[in-house]
Amino acid sequence: MTGLYEEIREEPAADVPVRRVSITVNGAKRTADVEPRLLLAHLLRQGFTLTGTHVGCDTTNCGACTVLLDGQPVKSCTMLAVQADGHEVTTVEGLAGPSELHPIQEGFSDEHGLQCGFCTPGMMLAAKALLETNPDPTEDEVRWALSGNLCRCTGYQNIVKSILWAARKLQSQAGT
Amino acid sequence: MYPSRFRYESPRSIDEAIALLQEGGGEAKVLAGGQSLVPLLKLRFAAPELLVDINDLPGLGYHTVDPDGTTRIGALCRHADLERSTVLPTRQPTMAAAAPLVADPMVRNRGTLVGSLCHADPQGDWASVVTALGGHVVAQGAGGRRSIPMAQFVTGPFQNALGYDEIAVEAVIPAPHGKPAGGYLKLERRVGDFATVAVAVAVERSHSVVTRAGIALTGVGGATINAVEAAQALVGHPLTARTIGDAADLAARAAQPRTDHRGSAEYKRQVVRTFVKRILTGVNEPTRKAA
Chain A
1 MTGLYEEIRE EPAADVPVRR VSITVNGAKR TADVEPRLLL AHLLRQGFTL TGTHVGCDTT
61 NCGACTVLLD GQPVKSCTML AVQADGHEVT TVEGLAGPSE LHPIQEGFSD EHGLQCGFCT
121 PGMMLAAKAL LETNPDPTED EVRWALSGNL CRCTGYQNIV KSILWAARKL QSQAGT
Chain B
1 MYPSRFRYES PRSIDEAIAL LQEGGGEAKV LAGGQSLVPL LKLRFAAPEL LVDINDLPGL
61 GYHTVDPDGT TRIGALCRHA DLERSTVLPT RQPTMAAAAP LVADPMVRNR GTLVGSLCHA
121 DPQGDWASVV TALGGHVVAQ GAGGRRSIPM AQFVTGPFQN ALGYDEIAVE AVIPAPHGKP
181 AGGYLKLERR VGDFATVAVA VAVERSHSVV TRAGIALTGV GGATINAVEA AQALVGHPLT
241 ARTIGDAADL AARAAQPRTD HRGSAEYKRQ VVRTFVKRIL TGVNEPTRKA A
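Note that the protein sequences, when read in sequence, are chains A and B.
Numbered per the UniProt record's numbering, the first sequence spans residues 1 to 176.
Numbered per the UniProt record's numbering, the second sequence spans residues 1 to 291.
Source of the hints: derived by calculation from the structure; they are not laboratory data.
Every value quoted in this text rests on a predicted model; they were computed, and no experiment measured them.
Backbone N, C-alpha and C fix where the C-beta goes; we use that ideal spot for every residue, glycine too.
Where hints are given, some of them may not hold.
Unchecked claim - Now the stretches of chain B that chain A is said to cover, found in silico as 3 or more residues with beta-carbon under 8 Å:
| id | region |
| --- | --- |
| 1 | 35-41 |
| 2 | 107-117 |
| 3 | 147-153 |
| 4 | 202-213 |
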């Protein structure tokens, strides 16, 4: 578990109790012994080296750290790792295999939905949760679903287009 | 950022949770949705010795309307559950209007209504809604359950009336006696920001005459403001341009806004007036959508 406490910059002392958590991350069962104060975002990034989950504001505003918890988008900087014990977490690394793109990722590529890319993982996971419950959203519905995810580059226009692109692609795939 | 060290327990029963709080002796905090508490822990505004996570307690995720019309919201009912509710739009329109305006979609997936009441943020949404609806909070401790009216539940900014070994298990909205109507409007600079101003209005009417009214204000005082006089001005009358105008003026007078980076005091007072008018006009003329 190298680096798990990188953010905290101190390994727990011998007398600090740790808890074993078992979390299904992107379909694979992962376990770790964590201090209860460790945040889910830190466990994912430093414990499991899934650095696609970004920590932006660290104050529950920006949504860069969004992951899916049992399919629902949540802010992983605002949840303790111990609270994910026994649950399923999907990060951006779980959207598609290493050599392929998920239609949402293709959409962001095709429609230029990112510039610096920092907010993109959170945007894509929020979009995934939306498209699973609402496969054919209106532009307003996309904007509503993304209202907790901040982007400082794009002005959102192309992000919305990317997600609508992905919705069409997913629907055409489902139709064939 | 990361919280300071604490002991963490996730009890499986409410009795076990209460026993842990007793053991904590005032140095314990209850963790439900965590959307206010976890940021406070990270900023180290809160540094409890013991965190009692109630997310594993069974049977607290409900929101139901009893046969007599009483609405009950369990301690683990998330904002998103209320946003997607099929019963609230007809049975508790003020709650239905507020749910989608709380924070942002991710926070709504975790945060709870009861937790929001306990957090007692003067800029919180649900305290105003529950105040306007005349609701109360059910607290459970070792000695059993007690009901605390919303007006007495919040004792100050970020302070509530719970004993250190009590858990708020449920929020209760009494059954309306007439046909319920109302709304919630919020002015915020962007999604997820604290409210510049928000207004909750709930009325019950029988044969077009208002039989009960509640108006409560968010973000324009040191705590949620229960605009009692403004609400009373509606009772016993049908909703007319005149009664609506009177209530709006009285609500604006009840506000205690401060000038800050979100706007001047006078501007916020004017927003209160406008929101009361807008909600009540929308109630009165449901065909003309309140915008």
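Open item on the list: Run through the hints listed earlier and report the numbers of any the structure violates, in increasing order.
Closed with: 3 and 4
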